[in-house]
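> What follows is each chain in one-letter form.
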Amino acid sequence: MTDILAVTDHRRGELRDVSYEIITAGRQLANETGGDLHLAVISGTVDEFAEKLNREGVDAIHTVDYGEEFNHDVYTQAISQLYDELAPQYVLAPNSVNGLDYAPAVATQLDLPIVTDTIDLETDGETLIATREMYGGKVETTNELEGSAVATIRSAEWPQAEGTGDAAIEAFDADIDEDAIGSTVNGFEEVGGGDVDITEADVLVSVGRGIEEEDNLPLIEELADALSATVSSSRPIVDNGWLPKNRQVGQSGKVVTPDVYIAIGISGAVQHVAGMKGSDTIVAINTDPNAPIMDIADYAIVDDLFDVVPALTEEFQ
Amino acid sequence: MKILVTVKEVATVEDEFEIEGTGIADQYLGADLNEWDDYAIEEAVQLQEAGVADEVVTVTIGPEECEQTIRQALAKGADRAVRIWDDSLEDVDLLDVGAKTEILSAVVEEEDPDLVLTGVQAGDDSFGATGVSVAEHLGYQWGAVVNHLEHDFDDAASVRRELEGGVEELTEIELPAVLTIQTGINEPRYASLRGIRQAQRKELDVKALADLGVDESAVDAELELTDMYEPESESDVTTWEGSAEETAGELAELLRDKGVAQ
Ligand SMILES: Cc1cc2nc3c(=O)[nH]c(=O)nc-3n(C[C@H](O)[C@H](O)[C@H](O)COP(=O)(O)OP(=O)(O)OC[C@H]3O[C@@H](n4cnc5c(N)ncnc54)[C@H](O)[C@@H]3O)c2cc1C
Ligand SMILES: Nc1ncnc2c1ncn2[C@@H]1O[C@H](COP(=O)(O)O)[C@@H](O)[C@H]1O
Chain A
1 MTDILAVTDH RRGELRDVSY EIITAGRQLA NETGGDLHLA VISGTVDEFA
51 EKLNREGVDA IHTVDYGEEF NHDVYTQAIS QLYDELAPQY VLAPNSVNGL
101 DYAPAVATQL DLPIVTDTID LETDGETLIA TREMYGGKVE TTNELEGSAV
151 ATIRSAEWPQ AEGTGDAAIE AFDADIDEDA IGSTVNGFEE VGGGDVDITE
201 ADVLVSVGRG IEEEDNLPLI EELADALSAT VSSSRPIVDN GWLPKNRQVG
251 QSGKVVTPDV YIAIGISGAV QHVAGMKGSD TIVAINTDPN APIMDIADYA
301 IVDDLFDVVP ALTEEFQ
Chain B
1 MKILVTVKEV ATVEDEFEIE GTGIADQYLG ADLNEWDDYA IEEAVQLQEA
51 GVADEVVTVT IGPEECEQTI RQALAKGADR AVRIWDDSLE DVDLLDVGAK
101 TEILSAVVEE EDPDLVLTGV QAGDDSFGAT GVSVAEHLGY QWGAVVNHLE
151 HDFDDAASVR RELEGGVEEL TEIELPAVLT IQTGINEPRY ASLRGIRQAQ
201 RKELDVKALA DLGVDESAVD AELELTDMYE PESESDVTTW EGSAEETAGE
251 LAELLRDKGV AQ
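Residue numbers (this note's numbering), protein chains in the order written: chain A, 1 to 317; chain B, 1 to 262.
In isolation and in its complexed conformation, chain A is listed as follows:
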């Protein structure tokens, strides 16, 4: 039997989608050897969250009513104590920014191996087989871990659990040691505002590191002008200060769903794809035929952007 303890994710009063996905991942893993799926709901309005998370396949929901927002020390302590109480084979956490702020600490505290950012998980009860990517998505690997382990799951890889469950919802009386809490969250701030809202655009001409230099950006701007489109970008362009933050598409930027998204010199790392995969038509211009962006593109030109982009601009002038 392989029991699973899956930890859910919320922020500022809202459950995040990965919380429903982790139910599916946990249920699949538990099914392989007929184990129970336990959910942990830590901090915030735990009872309200627990009601929502009570979907098909969940056996028990353990709530830890402590504080409003995420604090990694609270999470680490609560999960370690739940682990000691429930003795699950696997602890699953989201591979979110917060997941990466506590899952490695949980593994270290419990002296368990950890595998992060998994996209598939299998077990025979003894060995966990985890699939994950390397080299920015160019290859996939399988990895084996013996015995109990911590795994984080990539978002949007498992479907969200549906239906209504009949899980037992129980308050877990975690013994949180306040002296061991070494960080304090003082608030949140939304960034990336400003006059341009790329989420409103019908056509996005999006530029990535393939553009090489800031001086080459006018090439992209001219194309966008010719198409009456809006310019957006991948993260490195914003990191370099070449475009403002409000142009960034992706996990830490904006989620966009234009009619047409033209990705120019963008490799298609998972954090970028998270922000644009819902676009109606995706066009990729990239010299690398194996770039991960090709997996989600509808149309592709495998060629040098410095040749293709000016030719395309000319078509519309």
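Since the hints were derived computationally from the structure, they do not count as laboratory data.
Keep in mind that the hints are not guaranteed to be accurate.
One side only, chain A facing chain B, incomplete, derived with CB under 10 Å [said to hold, decoys possible]:
id : residue
1  : I129
2  : G137
3  : K138
4  : V191
5  : Q251
6  : I282
7  : D298
We put the CB at the ideal spot given by N, CA and C, even for glycine.
Following the hints, put chain B with the ligands in place on chain A, whose structure we already have.
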């Protein structure tokens, strides 16, 4: 204040490559300083220039061949470097988070810094976990995915953690602490010629596991890499062929069909 920065030489892969066993064949691999670590080095050097830090030490686990990459950190202003290598690491396919934690923690204990900066992730195997794991192992505080650090602190660091969707968390973290540094936190400098020359003379200490009191068993990764393959493409992408004018023409036609620019 003393700052330790962990740095890794990461493997880069050419566009076209072949897989041999559980790795990419050597001739398709290149090497580079991990992008995230470059930002961590810059942050440490800036703290030194601001008078907050008085020493910046880098540490890497890697073979002799990576010294050139590691010296880049010295050329950018780090004071000295420690490189860990050991015969027992020679045949390890993939150093997992647990193994890295044991080795790096031993160095942190020996150096006793107030602040440890790591990258959010290594660009090649991308565990995104080493920094937080080291912190917990040593009883340091930590913060993951930091994209802003106030430069006037003594016993606590004010940081911003970059969450998803353009939201930043404002957090106060007691020292000593490990921060995992996100790209964009600063503008990494290029090493000057003078810096590069000076770097050749800076101390680069090579240590084996025994020198750190780490048992060889620490490198027996619990995570075993069993297979590597190119992901099966689920795409039904239409790839236009021909000269740039021809492919641009095809794309232009598609765009006109979709009502773009009319
Ligand atoms: C926590 C976290 C959050 C992140 N959030 C985001 C996010 O919100 N958004 C985001 O974009 N990234 C994000 N990233 C970064 C992400 O992992 C990638 O590093 C980034 O998306 C890479 O950007 P890129 O595709 O422009 O660059 P690269 O990956 O360097 O790709 C450049 C591409 O250009 C192609 N190219 C080069 N020259 C040419 C040419 N002459 N003609 C045509 N093509 C060419 C190359 O083949 C390559 O595919 C995040 C990472 C982390 C760890
Ligand atoms: N071999 C290594 N030597 C030194 N530091 C490393 C090594 N591997 C990882 N790190 C550090 O840990 C960070 C996160 O790596 P990872 O958890 O492997 O994604 C990197 O940005 C480095 O700062």
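> Give a verdict on every hint.
Here is what the structure says about each hint:
1. I129: holds (8 Å)
2. G137: holds (7 Å)
3. K138: holds (6 Å)
4. V191: Since chain B brings a Cβ to about 5 Å from V191/A, closer than 10 Å, the hint holds.
5. Q251: Check passed: Cβ of Q251/A comes within 5 Å of chain B, closer than 10 Å.
6. I282: holds (9 Å)
7. D298: holds (6 Å)
Figure legend: structure checked against the earlier numbered hints; every hint is met.
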